[in-house]
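J.: So you can see what is in the structure, the chains are spelled out below.
2 protein chains.
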Amino acid sequence: MEELKNAAYFTEYEDLEVHEIMLRDRPRQEAYKNAIMNNTSLFRDKVVMDVGAGTGILSVFCAKAGAKLVYAVEASNLAKVALSVIEENNLTSIVKVIHGKVEDFVLPPTAEKVDIIVSEWMGFYLLHEGMLDSVIFARDNFLKPHGHMFPSEATIYVAPCSVPSRFDDWNNVDDVRMNSFGEMLRRQKSSKPEIINMPPQNLLHNGVAMFWMNLNEIRSEELEYITFQEVIPIQHQGKHQGFCIWFDCRFPGESYENAIVLSTGPAAPGTHWKQCVVVLPDTVCEELEENSPIAFKISMIRRNDDKRKYNLEVELIDSNEIEHPVPCDCHLTKCILVKTHLQNMDIS
Amino acid sequence: MEELKNAAYFTEYEDLEVHEIMLRDRPRQEAYKNAIMNNTSLFRDKVVMDVGAGTGILSVFCAKAGAKLVYAVEASNLAKVALSVIEENNLTSIVKVIHGKVEDFVLPPTAEKVDIIVSEWMGFYLLHEGMLDSVIFARDNFLKPHGHMFPSEATIYVAPCSVPSRFDDWNNVDDVRMNSFGEMLRRQKSSKPEIINMPPQNLLHNGVAMFWMNLNEIRSEELEYITFQEVIPIQHQGKHQGFCIWFDCRFPGESYENAIVLSTGPAAPGTHWKQCVVVLPDTVCEELEENSPIAFKISMIRRNDDKRKYNLEVELIDSNEIEHPVPCDCHLTKCILVKTHLQNMDIS
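Listed in order, the protein sequences are those of chains A and B. Under full-length UniProt numbering, the first residue of the first sequence carries the number 1, and numbering increases by one thereafter. Under full-length UniProt numbering, the first residue of the second sequence carries the number 1, and numbering increases by one thereafter.
Hints are computed from structural coordinates only; laboratory data are not their basis. Be a bit skeptical, because a hint or two may be false.
Treat identical chains as interchangeable: a pair holds within one or across any two.
Capping the alpha-carbon separation at 30 Å, the derived lysine-lysine pairs in BS3-like fashion look like this [unchecked claim]: (1) Lys-239 to Lys-68; (2) Lys-189 to Lys-309; (3) Lys-189 to Lys-80; (4) Lys-274 to Lys-192.
Bound conformation, chain A alone:
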């Protein structure tokens, strides 16, 4: 059963159109290229593994950055394309294409472990349909102690938002009221989160980090169930109609401040990951003023029937019934009093 699922996954990746979309994704390409090519000091004469090499382009970057050996591991038939690309770029002496799953890979008996693992493993809202498990496996089995992971960190963000494309847009379509269409659309789509480009002006908050991982340390078990509960004050007034979820990835660099960050947030240039939006039922949507508190719990639960997929669950909580952070910027009297008290203490 699981074997069949995997087979389907790898077949899908043979649809070259998916790879065309990724190769045309400028923020993705630029982040990986700059992270690798501006870090030649890390790559020079090093051994690298590219997990899920796809068309092989990241392996070529690594070779050009000075790596002495790159294992380009690709499970799907795309390994053949990767091999042709490596040949075309005259890098067959450096890049070794391995057609197989990284879980089945065995280092040659005399070979050293790798200094760096490079992978573009991220799925929608980071984890959905991604391949982080394979990257973790590769790290645990093939990376030298203190080796580098590219990317090295990932963060998932969440923000309450308006979703006019599912609500207000249908009040007036060329002077025709189409709210009943909007309602049907919401009903048809309510069963799963949507992957859309969210205009930044629809966010009611700039976003809070709901999950952070260090790629050198994260374990697969930690990815089974991710949950986050928070109270946040609205920063930009508007209709609360959903939650928007996105992620950033950070790459190792000379200094933490100058490190390359690939952001897939609403304010960043668009990527093929877009953003993930969970639309709320009509009955709980409300117009919120600045500093109104929103309390919510959001959970990402790995599916048992398909480990590559996640279910998203969002729960709105009555903001009077849970503890707020101290200090809290929301407009509840209790929070204003605590904040004022703390400010007075600071001054004294």
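Could you slot chain B onto chain A? The hints should help.
T.: Leaving out everything else, chain B in the frame of chain A:
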């Protein structure tokens, strides 16, 4: 079998996302809205039929333009959405939603035939996955003599073009040669035409009309096999790598010159129809100078297994072996001599 195919077609239309895309297609919306709303003299107190009414928005336009009765005929379950939209716009006394195929529709015994048929029936490259047969059926059975068709005319255009997204783009992807990927992509996609947005600068010619139809006269039999053979001189030099196909629709208006035209061409604002591109095999692609002749035959053949679909066939012809138009702007000596001779005759 055919019944099953139809069932699948109508189910697909229940996916509201398709309708969302159409309702957000500005050129489509504006063309229909203006064609109807700027023609109140044609609509006032008239009986209209909207064939394939979908969400009902065109029926609402007709009612607002003064129609006394609109039959909104919709075969899919979307008829329920249309009914809600009509209710929402307080037009139930004018617009009658009919949930059924137009082929099964029977006018009430005492009812008059309709003055106008409105329909957005166009598919990719006009005919593919469209529903023109149903519009023709409606016209033949329900339109008064000298009634109006909205749209009233349609034209299919073809132009030779470059297709850098399938060829030259892969020479250099972030300084990596990926021609082998481009070649695989072409091989994977060679079996069918692609629906893409063609940048106008990739056209080698502004386009020639390969098929024109008057909606008041066209018969279904004429749609079985459409073929066009032509010699055209290249207007803009470049690499000939494919043929681009698109269509225009014209609506009735006060005067022919002022009529609303919905264009889906590369130079017009983008629509959800985009353009259709047939990519040529590498072996016949060539760099062409201005005035080089291209001779070709293009055929649209209705599929027997699915009457809603068409196969496209393109044949390149040796331009020395067929007769050129007289005069012809191409750079062959024969054509230059004929053209000069004709010009001299004009002067004398």
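J.: Give a verdict on every hint.
T.: Hints and how they fare:
| no. | hint | result |
| --- | --- | --- |
| 1 | Lys-239 to Lys-68 | neither (55 Å within a copy, 39 Å between copies) |
| 2 | Lys-189 to Lys-309 | both (18 Å within a copy, 29 Å between copies) |
| 3 | Lys-189 to Lys-80 | between (38 Å within a copy, 17 Å between copies) |
| 4 | Lys-274 to Lys-192 | both (16 Å within a copy, 28 Å between copies) |
Hint check: a violation occurs at hint 1 only; the rest are consistent with the structure.
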